[in-house]
Amino acid sequence: MNRFVAADPSKCIGCRTCEIACSMAHNGDGTPAPLSDENFKPRIRVIKTATVTTAVMCHHCEDAPCLNSCPEGAIVYRNNSVQIDQERCVGCKNCMMACPFGVMDVITVPAVKEFAGVKMTTGVKAQAHKCDLCTDREAGPACVASCPTNALHVVDEESVEKSLADLRARTAVSSIAV
Amino acid sequence: MEKHMSVCPYCGTGCKFNLLVEGEKIVGVEPLDGITNEGRLCLKGHYGFDFVNDTKILTPRLMYPMYRRSRDKDFERITWDEAIKIAATKFSEIKEKYGPDAIMTTGSSRGCGNETNFVMQKFTRAAIGTNNVDNCARVCHAPSVAGLAVTLGNGAMSNSIQEIGDTECLLVFGYNVADSHPVIARRVIEAKEKGAKVIVCDPRKIETARLADLYLPLKNGSNMALVNAFANVLINEGLYDKDFVAKHTEGFDEYKKIVSKYTPEYVSEITGLDPDDIREAMRIYAAAPSATILWGMGVTQWTMGVDVVKGLSGLALLTGNLGRPNVGVGPVRGQNNVQGSCDLGVLPNVFPGYQPVTDAKIRAKFAKRWGVKELPDKIGAMVTDVPHLVKDGKLKGYYIMGEDPAQTDPDLTSVRESLEGMEFVIVQDIFMTKTAMFADLVLPATSWGEHEGVFTAADRTFQRFEAAVPPKGECKHDWEIISEISTAMGYPMHYENTKEIWDELRELTPIFYGATYEKMEGLGYVQWPCTDLDDAHGTKYLYEGNKFQRPNGKGLLYACEWHPPMDQTDDDFPLVLCTVREVGHYSCRSMTGNCSALQTLADEPGFVTINPEDAKRLGIKDKELVYVSSRRGKIITRAKLTERTNKGAVYMTYQWWIGACNELTGESFDPTSKTPEYKYSAVKLESIDDQIWAENHVQELYATLKGNLSGAVENASVLAEQEPA
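The listed protein sequences correspond, in order, to chains B and L. Counting from 1, position 172 in the first sequence corresponds to residue 172 in this note's numbering; the numbering is continuous, with no gaps. Count along the second sequence starting at 1, add 1000, and that's the number in this note's numbering.
In short, the hints are calculated from the structure, not lab data. Any given hint could turn out to be false.
To be verified - Below, computed lysine to aspartate or glutamate pairings styled on DMTMM-like, alpha-carbon distance capped at 25 Å:
1) K1025(L) x E38(B)
2) K48(B) x D1614(L)
3) K1706(L) x E161(B)
Could you put together the complete structure from these sequences and hints?
Here it is, written out as structure tokens:
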């Protein structure tokens, strides 16, 4: 089963710490560069309506519409998650249109090529942009670690098994009560 | 990588973390398991450190003293020797000519720490000879301090932050905990998860209202009526604790008489609430085995602030929710050290530890320790008195430390006039601010992160913080600067370090005596009162054994008649403006505006939130720029449409330069605490047809304002090279 980050609306206070943590975790190599309008590109978004406050992000679907719609094979299942091979992405936006949750974005970044050790900017490079579960971050997703109210947590096969087992046990007990 | 233990410089929660330092630069933070935060931080804690590094995103750090020879001249860079001499000479002249009461000083509730505040009030009282010293609590929780001091005998939170998670009922009144104290919001959620009932009274559908079991969206300006109705229900339905009231309170008969009129039906019109909801709220509150009342600026920033605080404490007294764990009254402090600046006596009526200046014995004790013949016995001026005292020719010199009244005080036109009306103004800060632009002398202080000391969290918790990086430029510690000015004025003050200051203040203040630096090592903490050296952590909750800190040990039940707010809406100004806070920015924004992450989340011109129905009527669309005007001023900001804002009211946060809501607020004050009625100003909103012009106009204004502030600092350096002062 694919892992994903789940948000609990009953704990979310809409502070957007997760958005900054996400942006920072994916920004710069090693030490994060200062944030600005140009590089603030969170893959998790806090939504506030009249009745709900919560964060939304990629579900890492089992039969992922984004993956199925990608003509370049840039979206793959890897390490119990849906990941993007950016070098294959052409920016066609099929994935963006296919995602039923609105959490796939397509962005452009300056394209950099290297010739004989010299880095050169050559136009722009498209990137399908969504939660990658901070796959390169040893401590796991930055949003989960930073949330001041513990409203975010990683759901994986083990935690789902446990919560389903608990639910089944509760169902069994309540059936006696009836 | 070095690690230095610190306490967050933003809200009053008192979160502990390590500052991560590489090459004399702060590069990150690492949460610590502090008593109040238990390993959690909010966005300001995680990402609010880089202002120390002089990012120049909004304004430059001050690096050297600056002086202008006359008000029409630019600032010039000068040496510290010159700066100290100028400050001492000017203040001595003013004192000589007009008397000591012509000088006013401020402490700072922000990063400078308790020791600096102690030195500032000592300088004001012993060297200048006046009690004209105050801090920004005046425009914030001063009504809580004044109100609770009368009814319970102590102006602070009765119980501790960590107890909030264990209470069984929370009555949240005029307090947006999610935006003000995210890490305390976690405690509210914890309490709720453990089964606590949550009641929220707020005109706006704030985050806590969304989670509440019962939400009372009262009309703006009806607090006192609702609190009286709460008391009415508790008494009429026999829900109050008769035994507790008989044994531990006084004033019940008079109290009962006043609230008898305030039936839920009677206040229904005033509050806009269903009488049954008012009854239900009190049935829940009274039934809970333990219940806590939390409040914020929604209670205090009114002309009836002190009265409503007294009224809320009455509810806790009626139900016996005081003097034990997980109950009490919680005025949750907004700034990291606003509790501390009050504790340390940067208030016009008390010495450190709330010892009254009017008490001859107390004055004699301080005079003896400080080596002066006598100390002033007259209660001094408050910061909100400044405009009219200048107008009356009574104030001539002003020493402003770490505050930005030209951004944060009400009716900015009058604030600017008062600064211009002074003969001599010193601004001591870490950044060039709007207030510093009015100064004659600007003194650069070290920032949080560059000095050490003790902060007091909202729940009376003393915690130490360390220096992480060396001072920038020629910056000196606040307490060093004040000591040098004092010495130059003929009252020698010299301290080697903050511990020496702390030990002096401990000896003078019995309730702090047991709070030694040693106990606060690392993650150590002490909650005052702590009178005993053997007491490891001090007092977790006040009034144990239901002994209130009043002369007869009883709590006072107090109620008074409700009256409407001062500013009135009419056809010209039909909407109510209420000023509020947003989670990512802090105070005047001199710190958060210079943090890359925080300023990326929200930047000029800020916004005014409005209900979509009101917006539609006015032809205002979401995210469009609009004019907001009151009887006092007119500004431009961005409209944000949200159903969480109640109809008839609009809300603005107070840190923006362009969308500066304090150009609109007025000078109506609580009669006791002189706290302004920020929560109620009559305004109107107007749409702007040419949005392209408006966007350009905002950008130009912003660039000009930024340019003026950074230009003043850069230009001073250039001038010094050309013509040494």
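Now the hints, each set against the structure:
Distance hint between K1025(L) and E38(B) is fulfilled; the C-alpha atoms sit about 24 Å from each other, no more than 25 Å. Restraint check for K48(B) and D1614(L): the C-alpha separation of about 19 Å stays at or below 25 Å, so the hint holds. Pair hint K1706(L) plus E161(B) does not hold up; C-alpha atoms about 56 Å apart against a cutoff of 25 Å.
Violation of the numbered hints given earlier is confined to hint 3; every other hint is satisfied by the structure.
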